[in-house]
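Heads up: the sequence lines are chains A and B, in that order. For the first sequence, UniProt numbering begins at 1 and goes up steadily by one. For the second sequence, UniProt numbering begins at 1 and goes up steadily by one.
It cannot be assumed that every hint is accurate.
As the list claims (entries may be wrong) - Dumping the calculated DSS-like pairs for lysine-lysine here, alpha-carbon to alpha-carbon at most 30 angstroms: (1) Lys-174/A to Lys-102/B; (2) Lys-297/A to Lys-574/A; (3) Lys-500/A to Lys-489/A; (4) Lys-102/B to Lys-132/A; (5) Lys-489/A to Lys-297/A; (6) Lys-9/B to Lys-174/A; (7) Lys-111/B to Lys-177/A; (8) Lys-174/A to Lys-152/B; (9) Lys-472/A to Lys-501/A; (10) Lys-177/A to Lys-72/B; (11) Lys-174/A to Lys-143/B; (12) Lys-302/A to Lys-80/A; (13) Lys-177/A to Lys-102/B; (14) Lys-14/B to Lys-500/A; (15) Lys-501/A to Lys-9/B; (16) Lys-174/A to Lys-72/B.
Said to hold, decoys possible - According to the in silico footprint, chain A covers these stretches of chain B (three or more CB under 8 angstroms from chain A): (17) 12–22; (18) 129–135; (19) 142–148.
Unchecked claim - Selected chain B positions facing chain A (in silico; Cβ < 7 angstroms): (20) Glu-38; (21) Phe-56; (22) Gly-121.
No lab work stands behind these hints, which were simulated from the structure alone. Note that the structure is predicted; figures quoted are calculated from it, not measured. Each residue gets a CB set at the ideal place from its N, CA and C atoms; glycine is no exception.
Here is how the chains run, residue by residue.
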Amino acid sequence: MSKINLTIDHIQVSVDKGATILEAAKKLNIKIPTLCYHEDLCVAGNCRVCVVEQMGSDRLVPSCATPASEGMEILTNSLKVRNARKSVIELLVSEHRAECTRCYKNGVCELQHLSSEYLIGEDGLIDLVALKNYTIDYFSPSIIKDDSKCIRCQRCVRSCDQLQNIGALSVAYKGEKMKIASFFEKPMYEVVCTNCGQCVNRCPTGALIERNYIDEVWSAINNPQKHLVVQTAPAVRIALGEALGMESGNIVTGRMVAALRRLGFDSVLDTDFTADLTIIEEGNELLQRLKGALVDKDPEVKLPMTTSCSPGWIKYIEHMYPQLLPNVSTAKSPQQMFGALVKTYYANKIKVDPEDIVSVSIMPCTAKKYEANRPEMHSSGYKDVDLVLTTRELARMIEQAGIDFKALENEEFDSFMGVSSGAAVIFGATGGVMEAALRTAYEIVTGREVPFDGLNITPVRGMDEVKEAAIKIENPLPEWSFLDGVELKTCVAHGLANAKKVMDSVVNGKAQYHFIEIMACPGGCLGGGGQPIPTNMEIRKRRTEAIYREDEGMPIRKSHENPEVVKLYEEFLKKPLGHKSHELLHTTYTPRNRY
Amino acid sequence: MSEITNLVKSLADKHGRYQESLLPILQGVVEQHKYLSEEAMVEIARELDISAARVFGTASFYSFLNTRPMGKYIIRVCKTITCMMHGKNQIIQELEKSLKIKLGETTLDGKFTLLETNCLGQCHKGPAMLINDEPYTELNPEKVREIIQSIKLNDTSKTSNPDLN
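Using the sequences provided together with the hints, build the complete structure.
Okay, here's the thing in structure tokens:
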């Protein structure tokens with residue numbers, strides 16, 4: 001590839017043809033401020049904060065949208081550039097409800113950082129917010145949308161369009177009335193929004209934030225009558241450190257457990273336990289469906305079966321492919337299985353009235369907040385999961401409590417419902433549920449381990465948009481003889497834009513899969529909307545490596561070998577897909593409008 | 001299938017199911033129904049396989065793509081400076097009086113909607129207004145009364161827009 005030579009701030013640099021000035025500057029470790037730009041999204045070039053001076057040209061150019069060209073001389077910090085940027089920031093702030101000290105994003109707001117860096121004083125431009133008729137949408141249990149803080153950079157619109165291909169948010173109206181709106185400006189919880197939070201993860205201001213439940217959790221912790229149970233999702237332990245000053249890719253499971261105890265949780269348990277349980281239920285459901293379709297030829301049995309752990313995916317399919325809801329596994333997500341068990345089995349085990357249990361979950365996800373609030377999630381007779389916090393909210397609680405996270409000693413999860421396998425940990429990465437399910441289902445059917453080196457089913461791993469893997473079943477146990485010679489076809493997609501490609505191929509009959517894993521967020525849960533900010537491809541890759549490292553390090557690698565899960569079936573559930581399982585661990589779905 | 005589903009389908013057959021088909025389809029619906037209902041926009045989104053919010057976003061950008069029910073006759077009075085200086089306020093006052101509605105409202109019988117608009121390009125003949133696609137220029141209150149009267153006389157239909165009730 002031909003190289004382009006240019007100078008930035010009088011320093012020579014050589015970049016590939018097509019690289020932007022911004023990328024060239026990054027190569028020299030020169031930081032150009034940006035707002036509308038995001039590594040994951042296409043270039044918009046609308047905020048003008050990244051303007052730079054090109055020698056010989058009167059106009060300033062946006063560095064994010066201008067390709068480097070041969071012989072270019074760029075100044076990133078001339079007086080002309082600084083003045084222009086300052087004006088741009090002043091203009092943005094004049095339309096932004098800058099009540100920073102009372103804002104949830106205080107301290108982590110990109111606009112605030114820039115205002116501070118460019119010394120935007122009080123005597124700037126007239127505050128236009130007072131003249132605006134803005135809306136704050138508090139109705140969703142997951143996401144708060146506050147138009148008064150929106151600077152119209154459209155990162156959210158591009159996230160929803162490009163990463164998710166949903167377009168729940170769009171640019172509406174024009175001129176001074178232009179705003180980011182849902183369909184007919186309906187509240188977010190009523191529209192096609194899946195609550196995935198990819199927009200929240202990318203919003204540079206406080207215009208889109210998660211609905212936080214931090215104070216509710218503190219109140220519960222400080223109520224002596226309440227027994228606080230906390231569960232932590234697999235993707236939290238490999239990202240929490242980032243929000244507490246550590247590098248990405250660190251595994252902080254032990255420190256996280258220690259911190260949760262210090263915060264005052266009475267039982268510190270692991271969602272990974274019910275991830276293993278999900279595999280048993282969902283794996284058996286798949287085998288049952290295969291039997292129903294291949295042996296009994298039952299037209300009511302739908303294949304391919306899709307996973308059901310990702311609440312963003314569930315809401316998406318309810319809106320966009322309601323006719324395919326019978327294809328979705330009826331198994332609840334690990335979070336909700338956990339919630340249902342905490343207030344039944346676990347309460348009984350620790351001799352606490354379920355009425356007095358407050359069930360909290362720590363999730364990499366904003367959609368989990370919505371999921372916990374679904375009306376069907378009351379199978380214990382109570383709200384199964386009371387409060388859902390994101391990775392970011394937990395990090396904030398740890399900071400609030402004055403805990404020096406890095407200095408904590410590793411601790412272990414409590415037992416019971418704290419033991420898990422490596423198969424559960426990889427739930428946090430795209431392809432993980434598929435891999436975990438195959439490790440178990442293959443062994444149920446054949447009595448042998450999956451034929452992959454070290455149990456690592458690499459074809460379903462990684463960041464490829466859509467991944468396919470086929471496993472041929474040979475010499476099954478007598479009970480499964482109907483599967484002899486069957487090639488089990490699987491497909492994995494992450495990010496709903498990719499999910500749409502797969503589901504369209506299912507609808508038009510082009511694809512013949514048996515089992516499909518879909519995760520709503522790019523990279524799977526590790527790239528979830530509730531994860532530390534920033535999240536981008538580089539960071540997702542490091543988190544992925546950490547997850548597979550954690551899997552390799554686990555003594556148990558297969559869900560069905562989790563001794564606590566085995567015991568749970570002996571003592572309580574009796575058998576997979578049994579009566580108790582149906583009551584507590586399975587659910588139903590609701591067709592929704594397409595807008 | 002409802003009437004609107006059929007209309008959207010036939011418009012999509014005519015204009016194609018591409019991104020750039022969106023505007024002609026929106027215009028086609030407005031031509032027939034005077035406005036774009038939620039149902040119509042969802043159908044368009046489904047037909048073109050794009051998001052409903054995007055259909056709404058596009059519709060809301062254009063002043064002539066109404067997103068709420070409108071009367072049979074949409075009166076748009078030019079609000080820009082030349083017509084303003086030629087007395088557009090008196091024109092609006094007269095319209096409000098003879099139609100018994102305020103700016104932005106629709107008459108109870110569903111016949112007239114009164115709106116303001118940006119420049120109609122008739123500055124040399126202001127004040128100007130548009131009734132549906134027909135421009136009226138060099139208006140004065142008396143002329144406005146006559147225009148409204150003649151529309152009322154010529155339009156004896158009783159059918160009011162059911163969406164308004």
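Structure-based check of each hint:
| no. | hint | in the structure |
| --- | --- | --- |
| 1 | Lys-174/A to Lys-102/B | 24 angstroms, holds |
| 2 | Lys-297/A to Lys-574/A | 28 angstroms, holds |
| 3 | Lys-500/A to Lys-489/A | 18 angstroms, holds |
| 4 | Lys-102/B to Lys-132/A | 23 angstroms, holds |
| 5 | Lys-489/A to Lys-297/A | 19 angstroms, holds |
| 6 | Lys-9/B to Lys-174/A | 28 angstroms, holds |
| 7 | Lys-111/B to Lys-177/A | 29 angstroms, holds |
| 8 | Lys-174/A to Lys-152/B | 35 angstroms, violated |
| 9 | Lys-472/A to Lys-501/A | 25 angstroms, holds |
| 10 | Lys-177/A to Lys-72/B | 27 angstroms, holds |
| 11 | Lys-174/A to Lys-143/B | 34 angstroms, violated |
| 12 | Lys-302/A to Lys-80/A | 64 angstroms, violated |
| 13 | Lys-177/A to Lys-102/B | 22 angstroms, holds |
| 14 | Lys-14/B to Lys-500/A | 27 angstroms, holds |
| 15 | Lys-501/A to Lys-9/B | 24 angstroms, holds |
| 16 | Lys-174/A to Lys-72/B | 26 angstroms, holds |
| 17 | 12–22 | violated (count 0) |
| 18 | 129–135 | violated (count 0) |
| 19 | 142–148 | violated (count 0) |
| 20 | Glu-38 | 6 angstroms, holds |
| 21 | Phe-56 | 5 angstroms, holds |
| 22 | Gly-121 | 19 angstroms, violated |
Checked against the numbered hints listed earlier, the structure breaks hints 8, 11, 12, 17, 18, 19, 22; every other hint is satisfied.
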